[in-house]
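Student: Fit chain P with the ligand to the supplied structure of chain G, relying on the hints for placement.
Spelled out, the chains give:
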Amino acid sequence: MSSTTKASNVSAEGTGGEAVDRRVFVGAAMGAVGVCYLAAIGYPVYRYLASPVERAEAQAAVTEVTLPEAHKLPRKSALMFKFGPFTALLIHHEDGTWSAFNAKCTHLGCTVKYEPHNNRIFCECHGGIYDARSGANTGGPPPRPLQVYQVKVSETGVVVSKS
Amino acid sequence: MASLYGWLDERLGLEELLEFARHKTVPVHKHTFWYYWGGISLFFFIVQLFTGVLLLVYYRPGPEAYDSVRQITYDINFGWLIRSTHSWAANLMLVAIFVHMFSVFFMKAYRKPREFGWWSGLVLLLMTMLFGFSGYLLPMDELAYFATKIGLEMPEKIPWIGPKIASLLRGGLEVNEFTVQRFFALHVVILPLAFLPLLGFHLWLVQKHGNAVPPSEEAKPVEQRRTMPFFPNFLAKDLAMWLIALNVLAVLAALFPWQLGEQADPTKAPPPGIHPEWYFMSMFYVLELFQGTWGLAVSMGIFTLGLVLWTLIPFYDPDSRNGKRARQATWFGLVVVLILTATTILGYWGVYGKGH
Ligand code: FES
Chain G
526 MSSTTKASNV SAEGTGGEAV DRRVFVGAAM GAVGVCYLAA IGYPVYRYLA
576 SPVERAEAQA AVTEVTLPEA HKLPRKSALM FKFGPFTALL IHHEDGTWSA
626 FNAKCTHLGC TVKYEPHNNR IFCECHGGIY DARSGANTGG PPPRPLQVYQ
676 VKVSETGVVV SKS
Chain P
10 MASLYGWLDE RLGLEELLEF ARHKTVPVHK HTFWYYWGGI SLFFFIVQLF
60 TGVLLLVYYR PGPEAYDSVR QITYDINFGW LIRSTHSWAA NLMLVAIFVH
110 MFSVFFMKAY RKPREFGWWS GLVLLLMTML FGFSGYLLPM DELAYFATKI
160 GLEMPEKIPW IGPKIASLLR GGLEVNEFTV QRFFALHVVI LPLAFLPLLG
210 FHLWLVQKHG NAVPPSEEAK PVEQRRTMPF FPNFLAKDLA MWLIALNVLA
260 VLAALFPWQL GEQADPTKAP PPGIHPEWYF MSMFYVLELF QGTWGLAVSM
310 GIFTLGLVLW TLIPFYDPDS RNGKRARQAT WFGLVVVLIL TATTILGYWG
360 VYGKGH
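Protein chains in written order, with the numbering used here: chain G, 526 to 688; chain P, 10 to 365.
The shape of chain G in the complex, shown without the other chains:
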């Protein structure tokens, strides 16, 4: 900073442009080298700190999860499981059909739960209510339905996938 102000003073006095040019050049070159050093240190540090984020993002790209024992889940009950980094909810309905949702409430992100006696999905945090089959928001503050996953049931387990 001070070197550039000095430099402009010098040129104002008209003592010669070349010295000023060199000063500006040296200043700029040193600045550029400094930026390179900062980048060379900053980049690894950023990637180091971001490691778990990158990992979670890679996990979030998962499109299918197999739950080996889940086909034994009794009717009128639910199972919480991990879909990549997210918490998800698998419901076995009374009539033998299945649904699966991302369990993150669309209001402020609480984890929702299945209530068999009311046959609905409920959010404890602010009383949000969703339909247990479709995930549609039927009461309380949630603005949108739950994210729905596809369910395939076989002898060996349950496969949940993003559409």
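Any given hint could be a false lead.
As the list claims (entries may be wrong) - Here are some chain P residues pointing at chain G (derived, C-beta under 10 Å):
#1 Phe59
#2 Leu63
#3 Val66
#4 Tyr67
#5 Ile91
#6 Leu252
#7 Leu255
#8 Ala259
It is worth saying that the hints were derived from the structure and are not from the lab. Built from N, CA and C at the ideal position, the CB exists for glycine as well.
Tutor: Frame of chain G; chain P with the ligand shown alone:
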């Protein structure tokens, strides 16, 4: 820009600081080069703080210690680089401190009124070695495990209370996950808490008394002595040194990444050629030299005596000019350097000469 500066200056007194910095000078003579080594030690310490905090983000002490270091070294992006930098900078910091200490010694910079600079510096050196020792265990690989096991034998051998002290340090009768937890507390909380204020004191003293000039300069008439302004001339050179230090560190850390050995297994015998870090080698060798019942007492006695003599040097070389007494201190310093180097080399030769 100018008004912002004015605003800050009014509140923080920047102009006073600058004025002060402008008056500060650094002596120029043929030994000026040695003035940089304190700053270089400081630079490596700053690197240690920075990389240490980064490692803290992923390191888990206790039973998971090895696994978390394995994760840092092999899974986390650039984790190997951060860890390698931390380990290399620790060693370079000790090298720089030793150079700094011996240059202070040979320039006789411990003389009145700089005694406390000398003493605080010695304590800082001992603390740095403790930093090294406590940090060495944290990865809980084979080498770390055995080095710590052996290192803790020393307090163990103190008569009567020794075993109690060693067990308290270990958190058990053998090195285990409690030891790791304790050393972790020592390494990242207790030692830094003690180190930082002492470092502040040390730097404040340097500021208060300025750079010492060696007796050979003192002998010259005042007109013949030369100085340079601290700000910006010496500072610029200081920063250039830091840049060189950074480059050396980066090359070492990147080209010779710090290795992680096998997980420590208490049921296994140590691998061949096991030895402590280089800055403990001299002590290790002397311990080996004197064996038998009194061996440990003798070797520890020698080291304690040496350290006491070294610490008290300002007293029996209080105000030496270029005269006889100064020469005695120089001889003493040379003997110490010689003994330390010789025992270190012999130590390494013993380790590698026998086993391979
Ligand atoms: S977070 Fe679920 S209702 Fe508010």
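Student: Now, for every hint given, state plainly whether the structure supports it.
Tutor: Right, here's what the structure says about each hint:
1. Phe59: holds, 9 Å
2. Leu63: Since chain G brings a Cβ to about 6 Å from P:Leu63, closer than 10 Å, the hint holds.
3. Val66: holds, 7 Å
4. Tyr67: Holds, because the Cβ-Cβ distance from P:Tyr67 to chain G comes to roughly 8 Å (cut-off 10 Å).
5. Ile91: OK, holds: P:Ile91 within 10 Å of chain G, min 6 Å.
6. Leu252: holds, 8 Å
7. Leu255: Since chain G brings a Cβ to about 8 Å from P:Leu255, closer than 10 Å, the hint holds.
8. Ala259: Holds, because the Cβ-Cβ distance from P:Ala259 to chain G comes to roughly 8 Å (cut-off 10 Å).
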